[in-house]
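Start from the sequences, fold in the hints, and give me the full structure.
Keeping their order, the protein sequence lines are chains A and B. When you line the first sequence up against my numbering, it's residues 208 to 347, in that order. When you line the second sequence up against my numbering, it's residues 208 to 347, in that order.
Bear in mind the hints are in silico, worked out from the structure with no lab data behind them.
Each pair may be met inside one copy or between any two copies, as identical chains are not told apart.
As a list, the in silico DSBU-like pairs of lysine-lysine whose alpha-carbon atoms are at most 35 Å apart:
no., residue 1, residue 2
1, Lys340, Lys223
2, Lys340, Lys246
3, Lys223, Lys246
4, Lys332, Lys209
5, Lys221, Lys209
6, Lys315, Lys209
7, Lys327, Lys268
8, Lys315, Lys302
9, Lys340, Lys302
10, Lys340, Lys315
11, Lys272, Lys315
12, Lys327, Lys302
13, Lys327, Lys315
14, Lys223, Lys209
15, Lys209, Lys327
16, Lys251, Lys302
Number of protein chains: 2
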Amino acid sequence: MKDAEKTIGNMIDKQKVAFIGSVDSDGFPNMKAMLAPRKRVGIKEFYFTTNTSSLRTGQYKENSKACIYFYDRKFLYHGVMMIGTMEVLEDAASKEMIWRFGDTMYYKEGVTDPDYCVLKFTAHKGRYYHAFKNEVFDIE
Amino acid sequence: MKDAEKTIGNMIDKQKVAFIGSVDSDGFPNMKAMLAPRKRVGIKEFYFTTNTSSLRTGQYKENSKACIYFYDRKFLYHGVMMIGTMEVLEDAASKEMIWRFGDTMYYKEGVTDPDYCVLKFTAHKGRYYHAFKNEVFDIE
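Given below as structure tokens:
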């Protein structure tokens, strides 16, 4: 890849769904589909909305090792996995940063709803799958 | 759920893609999209084709803790995750069991291709996501 940030970033921006991976207290991998990230900074930081009370949030508080995955269903085996860490942010500034009109559908008390929080993923490295090949890339 | 095997099994049979999770040697979760399983025994055993040389196969040989996930893109948050173990099978009987005409597209030497192997997932428990709720189920 000549420009990983552009190639991967463009692919990610087309997806409506992201998959996030965690490791549970027994050491088993877990995963779940999520709404696409509300915000990304290059391909280094990704911000998701989620429920503070959710299983995944609890797992990340115990063990921040994480991965995120985007899959383009139009092309079999076209996907990107990034490995890094996931932080659970519950401060007002972070919650306001990615809040959108309509989110009260999920969080009835609004942006200050204690069951609403932000997952911040920071990528360390990635693997890009395309055309039956895969390519590892580092993230500065 | 009255009949987890039927409800979950029917949902799985409609999917063209499965997602599999592993834990790498540094303890980070990894995941990847796969062709749907070639065979399932209830919702207890699932058999996938893959490359013996792949990253995932190597990870499962080191650490068999695994999860598989199916996601129905027609309904946001409709998915099922199962946690269990993944075995790498390289014996002739297992490889012949799920081989299909046309697989030479992926494995040029045919069913005995050393780069073709079978991933067998055995589920211990599951979590079913639907209608903004989730339900845990045990697998006998």
